[in-house]
Every structure is written in structure tokens, then in C-alpha cells.
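Chemist: What follows is the residue order along each chain.
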Amino acid sequence: MSVVTLTTDFGTGSPYVAAMKGVILSINPAVTLVDLTHDIRPQDVRHGAIVLDDVTDRFPTGTIHTAVIDPGVGTDRAILYARIGNQQYVAPDNGLLSRIIRRTKPSVVIRLENPEFWLPEISNTFHGRDIMAPVAARLSLGLNPEQLGPLAEAIDRLAWPEVKQTPQRIDGEVVEIDSFGNLITNITAEMLTNRPTDNRVCTVCNIYETWGIFHAYAQHPDGTLMALIGSNERLELAVVGDNASARLGIPVGSPVALVWE
Amino acid sequence: MSVVTLTTDFGTGSPYVAAMKGVILSINPAVTLVDLTHDIRPQDVRHGAIVLDDVTDRFPTGTIHTAVIDPGVGTDRAILYARIGNQQYVAPDNGLLSRIIRRTKPSVVIRLENPEFWLPEISNTFHGRDIMAPVAARLSLGLNPEQLGPLAEAIDRLAWPEVKQTPQRIDGEVVEIDSFGNLITNITAEMLTNRPTDNRVCTVCNIYETWGIFHAYAQHPDGTLMALIGSNERLELAVVGDNASARLGIPVGSPVALVWE
Amino acid sequence: MSVVTLTTDFGTGSPYVAAMKGVILSINPAVTLVDLTHDIRPQDVRHGAIVLDDVTDRFPTGTIHTAVIDPGVGTDRAILYARIGNQQYVAPDNGLLSRIIRRTKPSVVIRLENPEFWLPEISNTFHGRDIMAPVAARLSLGLNPEQLGPLAEAIDRLAWPEVKQTPQRIDGEVVEIDSFGNLITNITAEMLTNRPTDNRVCTVCNIYETWGIFHAYAQHPDGTLMALIGSNERLELAVVGDNASARLGIPVGSPVALVWE
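Residue numbers (our numbering), protein chains in the order written: chain A, 44 to 304; chain B, 44 to 304; chain C, 44 to 304.
Please keep in mind that the hints were generated in silico from the structure rather than gathered at the bench.
Do not rely on the hints blindly, as some may be mistaken.
Claimed, not checked - Only some residues are given here: those of chain C computed to face chain A with a beta carbon under 7 Å:
#1 V46
#2 T55
#3 V77
#4 L79
#5 T80
#6 H81
#7 D82
#8 D97
#9 F102
#10 P103
#11 F223
#12 H258
#13 A259
#14 G273
These numbers come from a predicted model, not from an experiment.
Note that CB positions come from ideal geometry on N, CA and C, so glycine has one too.
Taking the hints into account, I'd like the entire structure generated from these sequences.
Modeler: This is the structure we're talking about:
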């Protein structure tokens, strides 16, 4: 039983998503389809890259993750197949995979160039339906990825903001806001190893600050700002029982600093 | 073919939902996953409890309903397995099941305490992914629930507003607003047995009133307020062809009275 | 492995959708359920008709498309089974199928009148759950559609705006706005056969105009208005990298003209 996931910026409930599912099921009626998310901000490749990096590891070995955030559709940007760790990906070569590959080097990267595995007619505006969906469906039936095209020599790498670490200070930023309004940063639990996380550390974001780093929302009073290590092992800022993003007006990209006394 | 449903307050399209699905499919690739809803108002346990009570009976015998509205995650609140009627539930012990059990006494209630069936690493912020998802997946493979932990002696019961009934009057309230804006109350069709439902009964809510209780929207003129017995066998207030909630400004919790002359 | 799709105006995440899925899975646990979309504008039969026409052809032969945009529920409007091309449909007879049948004549149309295949209790407000869902599930198990009721003699046909074509001019209108804000018209690629699509044609909508008809968003500068043939082979107006509908304030129903010099 093969799993194919779909990640797009089409919006949940978009009939474009359904069109992709129809194409996939027409080729492999036994596939298990999972919506990863369709609420990537329109044409925001970085948002898509972070979500793929956060979630795809949870899926069964061999799952085929199909990601269509594709503002360059109709240009000569390539479409890639990649095997990264034990997961497989089909995505435009626009940086969508550039966060996952910071952690894990791809074992195979192939450029989709063989139209034999695409739909017979290819539009210039919807390669998700016309190229990526049929390729994902055929991979789910056991197609050898090497038949899809030549090995790719490189893969598009976006510049990602680096976290700066000194003994007294870590400087990162908000990279994502979740559906509860929690501000998720690029500062990882690993960066805090051997550093105190009690009242000696202050988290600073915009005009706000909070002392100590916790592990559960319930460790702080309702309505107060807190810093904690969230479920993806990254530092996040939350207002307990409320929506921190709406309450504080902090957007993605805002600097977040941890400061030790 | 086992069915696992998911009910959360994560928002449709949240990658947190996808993470739970990845965990479940990694354990049981043949499971049938169904989204019950992910649009429970954030941390609103009562909203979740009403939806579970309304919908879960429609599913096949043995379906495993996994519900993650869990503001107490990371505290010592228990997580429960319950068998209620012919359905199964995995949910925090915070009142989520407290509406269903008003109708049907659970035949088995167990506290999830055996970490053997959880993910190897447990966060303090996402037990839906780390505990409930793997337990649901293993139940779908036939795991005996008794292996999950000890029998629970009690189950958290929220106080629910009671409907008051006298010969001349029934007093209830709006408990839910559906996606059409219809105002769904806690007054049931059963409470109307042997009472007239024609022009002798007046439904009163806030400054609005309407005479007679109907069974189909089409029985009233477009744009007018009407009372009817809806598809869940409960009294609802609707504005025909319009959104009653937006039009009248009536929130959940508003009193609704039926008055006989 | 049979596929049943669901199209409704209930809103994504509506528990009413989940109720339909529970009914279907109780009858055929092995069915593959696909959400076509639940974001049809409430009670907007025309919107539903366009989406069904755009997407259903992509699905495997024999797929059963169940469409519940049903403002007339509880009146004497019929519910139909139809075979159109290689797809099957279950929908109220209110015009939902009236766009598909402009292209392809139905080979079978049947009125659902045999309650043997419905739920035992039928509400007057939710025939999607009580009649259409169980019928779709039984069709997916191989039920002969002729058992559902008598042949229908006619099918409700909405009047659709016709495109007017002269040698110098094509007059159509915006029929749909997609999730990117692109304005999709009823002017098809076929209507442009043998006409110039370079700078000799001007697309006019409201106070806006743009020259030339393209095939990819990337053929025009960022932030500019362009006309192109989109993925459904219809003319659309887009603002590159932006939301044309929000930017220009053009609603569904607005006239769009192509003018040749």
C-alpha cells in the first residue's frame, strides 16, 4: 500500500487539488492519498520548504511527497525527483527541498525530462496536475525513478537565515506561525544543550521578553507570554490559552534572541 | 479495513494533522483515515464534545475516533480509551467524551499508561502525535485495549446546561452554529412529543420570535426566520436562504425558549 | 477499488461532511473517498455546476461523484443518478449537472425513488446524508442503477450565459475565481482557433485592458495584468504574482471581451 502526500498553495478545498487526485487515482486506484497541507501561503516557497522539513519524516518509508508551490511554472525551471533519507519527493527545483537537504543529503536526484510518464497534454500553468501527479502515481506503482530522466547535478538552495550562537547569546528568528498563533523559531533544542534554561535566560522578541524556557504550555499562567521547546524540537513563543501572533502582532521574519546574564 | 477518524482544533490544513497521519500510517499502512473536523474552536472542549456526540454514531462498528482538543497537554490530565456503544474513542480526559456518555454508558474506560504503545520520544506539547496517534494505529491493528493501561474509575464530566421543561414552556440554548449559520439548540425532537408544533408554539431567542416548528427550510419564505427540527433531531433557528448567525448576531450560549399559549 | 467523491457547500471541516463519510463507510468500508471540494458558495448551484464540469473528467472510469448543493431539500425536487461519459453522478435535479451535459449527453438518467437503498429514517433537511450517501455507497458495491428508480425523462437545465462570437470580437464573462484570485472566463481555447493571439488582440474587462494572450504566467512581468489560456483550456485574467480579484475588484459575472483590431 503506497502513500502519496500532496502539499500545495492552492487552498484547502481547491478543485485543483481534486484534479491532481483524479489523475493519480486514474493511474493507481489503490494508492493512499494524504493531504499534507494546501494552505501554504500563495507562491511562498520558503513556507512550503519549512513544512516539508517539519512533517515528512513522520511518514512510512518510501512515501512519495508531491509538492506544488510553483511560481515558475511555464519557465525552464526543472522538476525534480529526490530520495532524501527514507522518503521520496517530487517538486519543482525552486528551493522547496532546500531546507530538508540541510539535514540530510539526498541519495538520488533526477530531473523529470521523460514525457512518457506525464499526461499526454501538458499545460503551461499546471505542471502539478500534468507532470507531478502522474509521475507520483507511477512511482507509487513501482516505477524505477531512473526512468524519469537524467541525474541532476545540483539542486536549488535558498539562503536560509543562520542562527548566530555565542556563549552569552543566540540570535534567530520567527520562521513560522502555527494555527494556534504560536511563533515558531529556527532556534533548536539542540542549540540549548549545556546551557541553562531556567530563570537565567531571557527570550527577547520585539518589545517583549520572557524569562526561562519551558516544555509545556501548562507550566505558565494563562494569558502570559512564555518561551518553550515545542513539538518539533524548536523554540517557540506562545501566549498561554491565546493567539500570540494576533495578540503581539509579530510576523514571520521577526528577530528572536536568547540572552544569558 | 479499520477506520480511524481525527477530530482536532488544529485548523484544516494544519501540518500537525499531517504529522498524526504520518505516525498512524507508519504503524498501519492499510488504515482508512477520515477527518471528522479540524475546525473545533481552539481549546474549546465543549465544541469538540458536541461534534463527537453528533457525528460518531454514523461510523462503522469499531471505528476509532481520535480527538485532540487538549489544552491541558503536559499536565497530569489522563488520556483515555473508551468503548461507548459500538464506537471506540481515544481522547484526553477533559470532558471531550462527556456529552456522548450522557446518552450511552461506556462499556470500557482505560487510562493510557503503558508507554510501550507510544512513540519512543514523547513531547510535552503534542500528545496527539506522540501518544494518541500510535495508540489509535495499534488499536486499528487489533491491539487489545486492556494492554493500554488500567481501568479508569471515573471520567471527567463537564456540567452541561440542562433543558427546563414545563407544560407551557421549554427553555434551552444555542449550543452550536453550523457552517450555514443555522443556530442549533439543545432542545431535541423527543422533547416535543405530544406537544403541538403548529402555530400554537412560539420560539423566542433574544428579540426575535417565530411561530410554528417545521421540518424543511422550504416550508418558509426566503429571508424569514424559522424554527425547525434539523438533521440531528434538534431544534434549530434558520433564516431561509441566508446566514442566521450573521444576520441576527446570536452567539453560542444564547437562551432559546419554546412557549405554548 | 471504487472511488466516491463528495462536493458540497458545507464548508471544509464541516461535521456534516463527516456524517456522510460515516454513512458511506458503514455500507462499503473499502471505498476510496475523495473530497472534490466543500467550499462551493452556500446554495450556489451554478458554482457547483462549474466545478463538477471542470474536474470530474480527471477521475477513474466509473467514479461516483456525489454533489450536495441542495437549497431545495425537503421540497419535491428529484434526486438523480446520471451516467455522463465514463463518470457517474448522484445529485439533486436542480441544475448541478446542467453544465456537464452541455458537453456530453447523459447515457442514463434515473430518479432516486426506491427507499430500499436509503437510510431507514429520512430527515427533511439532509438528503445528502440520508439518501445520496447510502445510494453512492451501494453503487460503489456494484448495485445496478436501474434498481434506484424510474428513468428520468428530463433533467433540469439552467440557462448559462452564452459566449457571443463575431470575426472582430468575442464576448464572454467571468464564471469563476480560483484560489489564487485568477478570473476564469467562459471563453475557451477552442474559440480562439484560427484567430491571432499576439498583440493584435485586446482583452477588456471593466476599466482594464491587456494585449496578447499567453500560455504561462512567467511570460509577463510581475505585478502586471495578463490574459492567458489556463489549465482548464479557458481564458483567464491574472495579475502576475498577485491576486487579480482582490487587486481589481472584479466579481463573478463581469463581462470580458476579446477585441481584434
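Chemist: Each hint should be assessed against the structure and marked as holding or not.
Modeler: Results of checking the hints against the structure:
1. Given hint, C/V46 at the interface with chain A, holds; its Cβ is 6 Å from that chain's nearest Cβ, closer than 7 Å.
2. Given the 7 Å rule on beta carbons, the hint for C/T55 holds: about 4 Å separates it from the nearest Cβ of chain A.
3. Interface restraint check for C/V77: the shortest CB-CB distance to chain A comes to about 5 Å, inside 7 Å, so the restraint holds.
4. Because the smallest distance between the Cβ of C/L79 and any Cβ of chain A comes to about 5 Å, under 7 Å, the interface hint for this residue holds.
5. The beta carbon of C/T80 is positioned within 7 Å of a beta carbon in chain A (closest approach about 5 Å), and the interface hint is therefore held.
6. A least Cβ separation of about 6 Å between C/H81 and chain A falls short of the 7 Å threshold, and the interface hint therefore holds.
7. Restraint check, C/D82 versus chain A: the minimum CB separation of about 4 Å is within 7 Å; hint holds.
8. For C/D97, the interface hint holds, the least distance from its beta-carbon to any beta-carbon of chain A being 6 Å, beneath 7 Å.
9. This hint holds: C/F102 has a C-beta 4 Å from the nearest C-beta of chain A, less than the 7 Å allowed.
10. With its C-beta approaching chain A no nearer than about 5 Å, C/P103 sits inside the 7 Å limit, and its interface hint holds.
11. At about 6 Å, the closest approach between the beta carbon of C/F223 and any beta carbon in chain A falls short of 7 Å, and the interface hint on this residue holds.
12. With its C-beta approaching chain A no nearer than about 4 Å, C/H258 sits inside the 7 Å limit, and its interface hint holds.
13. A distance limit of 7 Å between C-beta atoms decides the matter here; for C/A259 the minimum to chain A is near 2 Å, and the interface restraint holds.
14. Satisfaction of the interface hint for C/G273 is found here, the shortest Cβ-Cβ separation to chain A being roughly 5 Å, below the 7 Å cut-off.
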